[in-house]
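Protein chains: 2
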Amino acid sequence: MTELAELPAVPGAARTQGRPRSSRAHEAILEAVLDLIEEGTTVEALSMEAIAARAGVGKATIYRRWAGKDELLLETLVKLKGPAPQPSGESLRADLIELLSVVGKKDQRAVRVMPCLMPEVSRSPEAYRIWQEAITEPRREVMREVLRRGVASGELRADLDLEVTVSMLISPLLLHRMVRWNPRLDEVDDLVAQVVDVVLRGVAA
Amino acid sequence: MTELAELPAVPGAARTQGRPRSSRAHEAILEAVLDLIEEGTTVEALSMEAIAARAGVGKATIYRRWAGKDELLLETLVKLKGPAPQPSGESLRADLIELLSVVGKKDQRAVRVMPCLMPEVSRSPEAYRIWQEAITEPRREVMREVLRRGVASGELRADLDLEVTVSMLISPLLLHRMVRWNPRLDEVDDLVAQVVDVVLRGVAA
DNA sequence: GGATTCCGATACGGTTCCGTTCCGTATCGC
DNA sequence: GCGATACGGAACGGAACCGTATCGGAATCC
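Quick note, the sequences are listed as chains G and E, same order.
Quick note: the first sequence uses the working numbering, first residue 1, plus one each step.
Quick note: the second sequence uses the working numbering, first residue 1, plus one each step.
It should be emphasised that the hints constitute simulated quantities derived from the structure, not laboratory data.
Some hints could be false.
[As the list claims (entries may be wrong)] According to the in silico footprint, chain E covers these stretches of chain G (three or more CB under 8 angstroms from chain E):
1. 68–76
2. 83–94
3. 181–191
[Stated by the list, open to error] Computed list of lysine to aspartate or glutamate pairs in DMTMM-like fashion (alpha-carbon distance at most 25 angstroms, straight line):
4. 105/E x 90/G
5. 81/G x 107/G
6. 106/G x 161/G
7. 106/G x 189/G
8. 81/G x 70/G
9. 69/G x 137/E
10. 106/G x 49/G
11. 105/G x 90/E
12. 69/G x 90/G
13. 69/E x 98/E
14. 106/E x 90/E
15. 105/E x 159/E
16. 69/G x 190/E
17. 106/E x 161/E
18. 106/E x 155/E
19. 81/G x 155/G
20. 69/E x 161/G
21. 106/E x 49/E
22. 59/G x 190/E
23. 105/E x 39/E
24. 69/E x 161/E
25. 105/E x 155/E
26. 69/G x 75/E
27. 105/E x 49/G
28. 79/G x 90/G
29. 105/G x 38/G
30. 69/E x 163/G
31. 105/E x 49/E
32. 79/E x 161/E
33. 59/E x 70/E
34. 79/E x 189/E
35. 105/G x 49/G
36. 69/E x 38/G
37. 105/G x 163/E
38. 69/G x 107/G
39. 59/E x 163/G
From the three backbone atoms N, C-alpha and C, an ideal C-beta is built for every residue, glycine too.
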């Protein structure tokens, strides 16, 4: 159980004295937050006591690292989603299918967490901003780039509205994988391909 | 302010004695729930105390009608959404535009409430069932019927997957109007028409 | 070895909410 | 008028959680 050194939050503050903070405790706390949310605790109902208990950690250990619940949740959210995936560039259709296939498939925990974040995101402008910048916008940009190549190659209409097209591609997948908006889609096994094909035909040059 | 007689919960129990329950209080309680949620209170953080205070009602008056918060929220949710809208039947394209245009436009309160319901819906199978039966499924069925007429008239492919098509039409609108998934779509003024046109071209016969 | 800091655990006072119970008053059927 | 019930309001004991403080012990640097 190697205890890794923590990077000081403020670069100038070289804290070398005393026992270093346990990175194990750090990880355990973040994991506890994700676990609890996955188990059905709302973001808002998350209690520091429950987090500490689940992580096997004293409350003071949490407050030593984060000022409050908001800061802790922010770090957890950013950690949850890695960088946006990159398409292989094989073809327009293949790239879109590739990108859409991973929606909600990588980390099952993320799927559970997202709906719990919705109230927060729709209430707090700050949460909305972070969510946009760290989660949704980078992924949209990847898909925009794929579409731009399709326009450049002449496959797609030149006057294509990128935002609308991206939304038409992503939205059905998101809504199904995140909140199971229509349970009947469970039985559609090639949902991604169908969506891509209809949209591509609809916006073909 | 006429005080309407309450229907007894149990049909056999004819309660004629004493002062009847105030339907005004009843309405005030339901309105208070909606108001509080609209103002940013999560479903889960809703307190009976706050509801009573907002409604100008004693807590006992609430507990006299509902066994707990869950029952109260259920009645509120069902009341929130009226029956599904009906299209005028002018044309396939016009009907779809008509149906999609009202998404999130009728009652602004519903738009605010929906994201707050997501955690509940994704956690509780019972909440999911009610939400499906009372809210989403009836609206999907209306749209399916419009598409069936399009298939019958030969405008649409005969082997059309209704569920996928409905999802492709509704999802971009829902995601934008409900949680503003992509803020750049704010500036697209004919979003509904664009979505409808792309899908119709994509699934044309 | 000594100083320092972090560790998990526990306790604290304060706040909020729960669901119930009791007021004194108001409104109904008879 | 009288009995029955609902009303708004206030108070209750109990529970959960907040953020802080303090404990004895452990880990690290000098």
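Against the structure, the hints:
Under a criterion of three residues with beta carbons nearer than 8 angstroms to beta carbons of chain E, the stated coverage of the stretch 68–76 of chain G fails, only 0 such residues being counted. Against chain E, the stretch 83–94 of chain G contributes 0 residues with a C-beta closer than 8 angstroms to a partner C-beta. That does not satisfy the three-residue criterion, and the hint is violated. Restraint check on the stretch 181–191 of chain G versus chain E: 7 residues with Cβ-Cβ distances below 8 angstroms, three needed, restraint holds. In summary, the hint linking residue 105/E to residue 90/G is not supported, as the alpha carbons are separated by about 41 angstroms, beyond the 25 angstroms threshold.
A threshold of 25 angstroms between alpha carbons decides the hint, and for residue 81/G with residue 107/G the separation of about 9 angstroms falls inside it, so the pair holds. The suggested pairing of residue 106/G with residue 161/G is violated, with an alpha-carbon distance near 29 angstroms, which exceeds 25 angstroms. Between the alpha carbons of residue 106/G and residue 189/G the distance comes to roughly 18 angstroms, so the proposed pair stays at or under 25 angstroms and holds. The straight-line distance between the Cα atoms of residue 81/G and residue 70/G is roughly 17 angstroms, inside the 25 angstroms bound, and the hint therefore holds.
Taking the CA atoms of residue 69/G and residue 137/E, the gap is about 37 angstroms. The hint is violated against a cut of 25 angstroms. Distance restraint check for residue 106/G and residue 49/G: the Cα-Cα separation of roughly 30 angstroms exceeds the 25 angstroms cut-off, and the hinted pair is therefore not satisfied. Distance hint between residue 105/G and residue 90/E is unfulfilled; the C-alpha atoms sit about 41 angstroms from each other, more than 25 angstroms. Between residue 69/G and residue 90/G the alpha-carbon distance is near 44 angstroms, which puts this suggested pair outside the 25 angstroms criterion.
Under the criterion of a C-alpha separation no larger than 25 angstroms, the hint pairing residue 69/E with residue 98/E is inconsistent with the structure, at around 36 angstroms. Between the alpha carbons of residue 106/E and residue 90/E the distance comes to roughly 21 angstroms, so the proposed pair stays at or under 25 angstroms and holds. With a CA separation close to 32 angstroms, the supplied pair residue 105/E and residue 159/E exceeds the 25 angstroms bound. A distance of roughly 41 angstroms separates the Cα atoms of residue 69/G and residue 190/E; the hinted pair therefore is violated under the 25 angstroms criterion.
Straight-line distance between C-alpha atoms of residue 106/E and residue 161/E comes to about 29 angstroms, which puts the hinted pair past the 25 angstroms bound. The suggested pairing of residue 106/E with residue 155/E is violated, with an alpha-carbon distance near 30 angstroms, which exceeds 25 angstroms. The hinted pair formed by residue 81/G and residue 155/G fails the criterion: a straight-line CA distance of about 32 angstroms is larger than 25 angstroms. For the hint pairing residue 69/E with residue 161/G, the CA-to-CA distance comes to about 45 angstroms; that exceeds 25 angstroms, so the pair is violated.
Restraint check for residue 106/E and residue 49/E: not satisfied, since their Cα atoms lie roughly 30 angstroms apart, outside the 25 angstroms limit. Restraint check for residue 59/G and residue 190/E: not satisfied, since their Cα atoms lie roughly 52 angstroms apart, outside the 25 angstroms limit. Straight-line distance between C-alpha atoms of residue 105/E and residue 39/E comes to about 18 angstroms, which keeps the hinted pair within the 25 angstroms bound. Note on residue 69/E and residue 161/E: the hinted pairing is violated, with a Cα-Cα distance of about 40 angstroms set against a maximum of 25 angstroms.
For the proposed pair residue 105/E and residue 155/E, the alpha carbon gap of about 29 angstroms is over 25 angstroms, so the pair is violated. Between residue 69/G and residue 75/E, the direct Cα distance comes to roughly 32 angstroms. Violation of the 25 angstroms bound is thereby established for this hinted pair. At roughly 41 angstroms between alpha-carbon atoms, residue 105/E and residue 49/G are farther apart than 25 angstroms, so this suggested pair is violated. A hinted pair counts as satisfied when its Cα atoms are at most 25 angstroms apart, and residue 79/G with residue 90/G does not qualify at roughly 30 angstroms.
Restraint check: the Cα-Cα separation between residue 105/G and residue 38/G comes to about 15 angstroms, which is no more than 25 angstroms; the hinted pair holds. For the given pair, residue 69/E sits about 41 angstroms from residue 163/G by alpha-carbon distance, which is inconsistent with the 25 angstroms threshold. Distance restraint check for residue 105/E and residue 49/E: the Cα-Cα separation of roughly 31 angstroms exceeds the 25 angstroms cut-off, and the hinted pair is therefore not satisfied. The straight-line distance between the Cα atoms of residue 79/E and residue 161/E is roughly 32 angstroms, outside the 25 angstroms bound, and the hint therefore fails.
For the proposed pair residue 59/E and residue 70/E, the alpha carbon gap of about 15 angstroms is at most 25 angstroms, so the pair holds. For the hint pairing residue 79/E with residue 189/E, the CA-to-CA distance comes to about 31 angstroms; that exceeds 25 angstroms, so the pair is violated. Restraint check for residue 105/G and residue 49/G: not satisfied, since their Cα atoms lie roughly 31 angstroms apart, outside the 25 angstroms limit. For the suggested pair residue 69/E and residue 38/G, the alpha carbons sit about 23 angstroms apart, so the restraint of at most 25 angstroms is met.
Between residue 105/G and residue 163/E the alpha-carbon distance is near 21 angstroms, which keeps this suggested pair within the 25 angstroms criterion. This hinted pair checks out: residue 69/G and residue 107/G have alpha carbons roughly 23 angstroms apart, not beyond 25 angstroms. Taking the CA atoms of residue 59/E and residue 163/G, the gap is about 49 angstroms. The hint is violated against a cut of 25 angstroms.
Hint check: violations occur at hints 1, 2, 4, 6, 9, 10, 11, 12, 13, 15, 16, 17, 18, 19, 20, 21, 22, 24, 25, 26, 27, 28, 30, 31, 32, 34, 35 and 39; the rest are consistent with the structure.
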